[in-house]
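Model the full assembly from the supplied sequences, consistent with the hints where possible.
Okay, so the sequence shown: first residue is 0 according to numbering that gives the first Met the number 0, each after it adds one.
Derived by calculation from the structure, the hints in this document are not laboratory data. Keep in mind that this is a model prediction, so the values were computed, not measured. Take the hints with a grain of salt, since some may be wrong.
[To be verified] Straight-line alpha carbon distances no greater than 20 Å define the calculated SDA-like cross-link-like pairs of lysine to any residue that follow:
(1) K146 / A203
(2) K191 / R136
(3) K2 / Q164
(4) K201 / R186
(5) K200 / A20
(6) K200 / R150
(7) K200 / M0
(8) K146 / A167
(9) K32 / L92
(10) K32 / R186
(11) K32 / D65
(12) K191 / Q164
(13) K2 / G149
(14) K201 / Q168
(15) K2 / P51
(16) K116 / R136
(17) K201 / M0
(18) K2 / C90
(19) K200 / I53
(20) K116 / N68
(21) K200 / F52
(22) K201 / E135
(23) K2 / R136
(24) K2 / A167
(25) K116 / L92
(26) K146 / A170
(27) K191 / K116
(28) K116 / P51
(29) K146 / E160
(30) K146 / S178
(31) K2 / S118
[As the list claims (entries may be wrong)] Label pairs and their in silico Cβ distance ranges:
(32) G75 / R186: 32 to 42 Å
(33) E19 / R96: 17 to 27 Å
(34) A144 / P51: 15 to 25 Å
(35) I204 / E19: 22 to 32 Å
(36) E48 / A110: 16 to 26 Å
Quick reminder that beta carbons are idealized off the backbone N, C-alpha and C, glycines included.
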Amino acid sequence: MTKVKICGITSLDDALMAVEAGADALGFVFFEKSPRCLGPDAAARIIRELPPFIQVVGLFVNAELDFVNRTADTCGLDLVQLHGEESPAYCGLVRRRVMKAFRVRGPETLAALPDYKVSAYLLDAYSPVSHGGTGERFDWEHAVAAKEQGRIVLAGGLNPENVAQAVAQVAPYAVDVSSGVELSPGRKDHDKVRRFIAEAKKVAIP
Numbered sequence: 000m001t002k003v004k005i006c007g008i009t010s011l012d013d014a015l016m017a018v019e020a021g022a023d024a025l026g027f028v029f030f031e032k033s034p035r036c037l038g039p040d041a042a043a044r045i046i047r048e049l050p051p052f053i054q055v056v057g058l059f060v061n062a063e064l065d066f067v068n069r070t071a072d073t074c075g076l077d078l079v080q081l082h083g084e085e086s087p088a089y090c091g092l093v094r095r096r097v098m099k100a101f102r103v104r105g106p107e108t109l110a111a112l113p114d115y116k117v118s119a120y121l122l123d124a125y126s127p128v129s130h131g132g133t134g135e136r137f138d139w140e141h142a143v144a145a146k147e148q149g150r151i152v153l154a155g156g157l158n159p160e161n162v163a164q165a166v167a168q169v170a171p172y173a174v175d176v177s178s179g180v181e182l183s184p185g186r187k188d189h190d191k192v193r194r195f196i197a198e199a200k201k202v203a204i205p
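In structure tokens:
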């Protein structure tokens with residue numbers, strides 16, 4: 000069964016609702032230019048209230064390595080998601096498992112994947128002005144091809160209406176959604192979250 004990450008969590012209410020709906024992981028954004036950004040202390044207050052066995056992911060974009068590692072310790076992050084132009088060497092110095100994001104322009108984007116020895120590759124739509132959360136999608140056939148390199152987390156333009164199709168076509172390790180289940184940036188639509196998770200998990204994959 001495909002795992003589901005709900006990203007851009009900013010409130011305890013949204014976090015607990017997503018967990019109750021069946022989310023496997025929650026994402027917290029530590030990138031100041033994002034409307035979904037939380038400070039480490041605010042995120043930690045939410046994370047402390049979560050039930051066990053839920054994976055907590057911190058999203059960073061070209062951040063100072065010390066900030067990443069300190070935030071991971073403060074919040075008790077399980078995974079660090081790197082959504083900028085971080086190098087393979089940088090990834091190796093993060094004191095958590097790493098999920099490296101790639102903004103897919105075309106097949107040429109996939110050439111860099113083998114250089115990164117990480118837990119998973121997150122594939123998102125390319126935007127010249129934003130590091131994720133755009134609601135745009137890319138050609139999912141690139142994600143199918145990328146599975147040769149390791150675990151793929153599919154993101155970019157997913158919503159309750161298309162996630163079942165995405166899972167059936169790509170059979171990713173996980174799917175990741177933020178704007179596709181929101182009322183406004185950082186505020187989740189509880190009905191959309193529940194429908195997204197149900198749709199993602201109803202598809203039987205090999």
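Practice prompt. Would you list, in rising numerical order, the hints stated earlier that this structure does not obey?
Written response: 4, 9, 16, 18, 22, 27, 28, 29, 30, 32, 34, 36
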